[in-house]
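**Student:** Read off the chains here:
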Amino acid sequence: MTLFIRNDTAGAGTGMVYPNQAEADLFIISNSDSALGETAASSPGLIEVTYPKKTKTGFCPERLSELVNTKFTKVPADPIDIIILAVDQSFKLNNGSFITRYQGLTVKPFGKDLEGVELNPTASVLLIYNKDTGGNCQFGLLSKKYDLPLPTPALLFHELSHALRDAKEEELSNYSPDDCTSSEEEEAAEKDENELRKQINVPLRDPTNTCGHPCTPSNGCCIVASIATGSESEELNALRQLRERFLRRSEVGFDFFEYLHYDYYAFSPQVCGEMATDATLTGNVATYYVRPLKSCLQLAAAHLIDGEPSEQVGQRLIEEVPDDLAGLSAAEILSAVGVLRAEDRLPSRWREQLPVTPTLASESEFVRWALIEPIAIYLSALVEHSEGAGPEELGTSFTDQLAQWGGELPITELWSTFSDYELRRELGFLGECLLRAPTARRRFAERLMGELGAHERLGGLLLEAGYPLGD
Amino acid sequence: VSVAEPNGLSVAGVRLRDDRSRGLVVILIELLNELDRTAHVHATPSIARFDAEARHLYVELSDENLHFGQSANMTTHPKFKAVDPRSRSTMHARLPRHLHELVAGADPRVPDIARLHIHEAEHVEVALAWSDTPYYPDPRAHSSAPLKPMSSWQKGTIRGRGRRVERA
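Sequences listed follow chains F and P, in order.
To convert, take the position in the first sequence, counting from 1, and add 44; that gives the working numbering.
To convert, take the position in the second sequence, counting from 1, and add 327; that gives the working numbering.
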């Protein structure tokens, strides 16, 4: 027998380790197999896991049987090969880091961290896991969000996957290109974890993503929108999706977002502060800012990325007007547009009911382009609709404005650092989404030529990428 | 005593309080933001070290020195605290009164567990990661230079020291 549980020698309930938790989790892993048992180990402080003849079938009971009944002769402490420690948030590794930052960890005999600090002072494989995983979520395979709770049997089974390979000295590569991409070793453990998830009938984890996130609703998106419409609102999720799926996928999109992010957070916390004490203001921000922004960006994505024709966009625009905007007059909407663009000619009740666009916002070309103009385009389309424009006319006008807007994408310094290869790639990306219309590509090309005039090959690269130059 | 970073974000004061009734040690960190914009601070204790003899507790609220390359289940993202422009704000970092860590046992095959009585600390030192923008993960599928999103988010580390105080 080779699998053990660390007992609480200081006495049950002293809060050092939780053997009862480990026993319960192993029972679930065995698919509630009554053949799973335990016995006092020869070493004090250990409980020996026994599983002489499994009666349940399936991946997880098979794996557990292998772990319990294999003699791992490569482990120096053999036959005490693998020791499970169920701990709580008070547990920290010997390099000082809290288990709560990892939730679970498996360390080879005498294993050290990258700085050389010994994390495992024993000759056995140690498996340490947090019994209180609540509040932390993993990335869902289907949901594509950090919304997956981590059941402790899944956490333990994941770590047992590492432990098995450690005990056999068959560890896979631990290389990961970034914090969230799973290494080969991690992906193998996450796939095994999913077998346990299938057994207990809970959603599967994305095995390519090793990150977790507090299960709080806000995954970092526009805080004004969060407050105005609720942190898990349809509007906010749509904005998050647009941001992550389209806006930040390319180098220029990512760079653009860095600037926008910087400028946006120069004023938005103050707007949120005002909203926190004023329910009317919060409602108005949702009606006039957040919902139009979401609607505009969704229609823009449908047209510019999915290729939806203008008339269809016009039809959707008419059918999908948010309820709270449907009953407004053209004058009321125009007033809101005026406030957005900080036009002084429109003193109206909107000035009292909407936060006048803070100077910092209207001064930022990034905020203007990404937030103010899409809202204004959408609200202007509503005005046209209220004045009797049909789907075809409305769609053409709206998509023309989108093309004009696309061509004005702010050009950052990053463009001047690109190699020809990178220029081709970025122009290609933009040409397939934001700058699909020839007018948009022409305008953007003019501006890029103006910015990077000294670049000898730019004209050729633009033409090659389908960007018309001149008349 | 605090280590200031003029015209930026700094730790204006640190106090440690033993909240016995809730089983917690509370570290109150007073932050001073002299910037014209909101500052964002890493608010999850990641690392703690306790010198029982000197009664000195060191707590790091940063991912800078975490090594996520181990066979870890997941890398849990921290929480953050925002500090308004040109203002002071107090952040509460809470830890259990006792921490536990592995030590070598009499049997070299079996670990012992040591209990650290951090509620007895008289001196406390903190290090916090901060930035002038909130943290967002990097969704790009590729990168020519592999990114470490948390470390690229961080603009700096601020530090402060303080002492134990009794509850008023």
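Just so you know, these hints were derived from the structure itself, not from any lab.
Quick caveat, the model's predicted, so the values are computed rather than measured.
There may be inaccurate statements among the hints.
List of simulated lysine to aspartate or glutamate pairs, EDC-like, C-alpha gap at most 20 Å [what the hints assert, rightly or not]:
| no. | chain 1 | residue 1 | chain 2 | residue 2 |
| --- | --- | --- | --- | --- |
| 1 | P | K406 | F | D176 |
| 2 | P | K482 | F | E302 |
| 3 | F | K156 | P | E452 |
| 4 | P | K408 | P | D459 |
| 5 | F | K235 | F | E214 |
| 6 | P | K406 | F | D299 |
| 7 | P | K406 | F | D191 |
| 8 | F | K189 | F | D132 |
| 9 | F | K156 | P | D459 |
| 10 | F | K242 | F | E302 |
| 11 | P | K482 | F | D299 |
**Student:** All the hints need checking, so say for each whether the structure fits it.
**Tutor:** How the hints compare with the structure:
no. : hint            : verdict
1   : P:K406 / F:D176 : holds (17 Å)
2   : P:K482 / F:E302 : holds (14 Å)
3   : F:K156 / P:E452 : violated (26 Å)
4   : P:K408 / P:D459 : holds (11 Å)
5   : F:K235 / F:E214 : holds (16 Å)
6   : P:K406 / F:D299 : violated (24 Å)
7   : P:K406 / F:D191 : holds (16 Å)
8   : F:K189 / F:D132 : violated (26 Å)
9   : F:K156 / P:D459 : violated (35 Å)
10  : F:K242 / F:E302 : violated (39 Å)
11  : P:K482 / F:D299 : holds (17 Å)
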